[in-house]
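Q: Sequence:
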Amino acid sequence: MLLTKGRTYKTSGEILRHKRIHKSAELICSYECGYRTSYRGALKTHEKTHQPSQYNYKCETCGKGFQVLTMYKQHQNVHEGLKPFVCSMCGVAFHMDRYLKAHLQNVHNKSTNGKCFICIHCCLPLDSLLELKMHKIEKHGLRTTCLCDVCGKVFKNTERLKNHKTTHSKLKPYTCGVCNKTFAKKFHLKVHENTHTGERKHSCGVCGQSFVQRSSLLRHNKRRHQDLKSANEKLEHNM
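Under my numbering, the residues of the sequence shown are numbered 70 to 308, in order.
Worth flagging that the hints you see were computed from the coordinates, not collected in a lab. Any given hint might turn out to be false.
[Stated by the list, open to error] Heads up, simulated EDC-like pairs for lysine to aspartate or glutamate below, C-alpha to C-alpha not over 16 Å straight-line:
#  : residue 1 : residue 2
1  : 127       : 116
2  : 142       : 129
3  : 231       : 218
4  : 152       : 166
5  : 222       : 200
6  : 142       : 218
7  : 255       : 228
8  : 205       : 218
9  : 152       : 129
10 : 113       : 95
Here the structure is a predicted model, which is why all the values come from computation and not from measurement.
Please model the entire structure based on the sequences and the hints provided.
A: Structure, rendered in structure tokens:
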């Protein structure tokens, strides 16, 4: 059950359909970037993105600014006429993956993960917590110093962000003393080293089989004990 402005709805699609009753006129971005919306407030916040001084990436064609590289690259599809994100249900194509997800919710009443996150600023329903955070940054100007400007992932502190960014670079400072294999994160090196020692810390609570890595135990539970979902849920909760 979803609640917004005193009314209740069963799905995010119902919220969008209700809003269209009140606002049906299509509004177009004055910067001619291809953005369209039925909501004046959304258009106003969108047009602020064409002031690129506060953004990491600037579109050379229309001047729109972005915090995240992947979103900047997807935006180029608008100018190149590319629509690589295709709906598997009706065949409609979109420039960006976020538009496809909105289409699935609004037209086919289908969430990509069964959950819905509502923006408190504009009541827009989103599929994940990450998408909600990115929406607040891109559309409402809520900035954070712990945002990865490559993939858009948000972290609790700068130390975690710094550690994460090594996964985007070719730098792998941690080397295995046995086989010389290199890793971007120290944690991944420690997990790998267990393959040489043969130590099996993770045991299946159902059949007793043990594994070097926790991820291997999770896969085992899914393949061998599919009817015992609680075993995996407990493991994933403790990770």
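Q: Take the hints in turn and mark each one as holding or not.
A: Tested hints:
1. 127 x 116: holds (14 Å)
2. 142 x 129: holds (12 Å)
3. 231 x 218: holds (12 Å)
4. 152 x 166: holds (9 Å)
5. 222 x 200: holds (9 Å)
6. 142 x 218: Holds, because 12 Å separates the two Cα atoms, which is no more than 16 Å.
7. 255 x 228: Measuring from Cα to Cα gives roughly 14 Å; hence the hint holds.
8. 205 x 218: OK: residue 205 and residue 218 at ~15 Å, within 16 Å.
9. 152 x 129: Since the Cα atoms of residue 152 and residue 129 sit roughly 20 Å apart, the hinted pair is violated (cutoff 16 Å).
10. 113 x 95: This hinted pair holds, its Cα atoms lying about 13 Å apart.
The structure does not agree with numbered hint 9 stated previously, though it agrees with all others.
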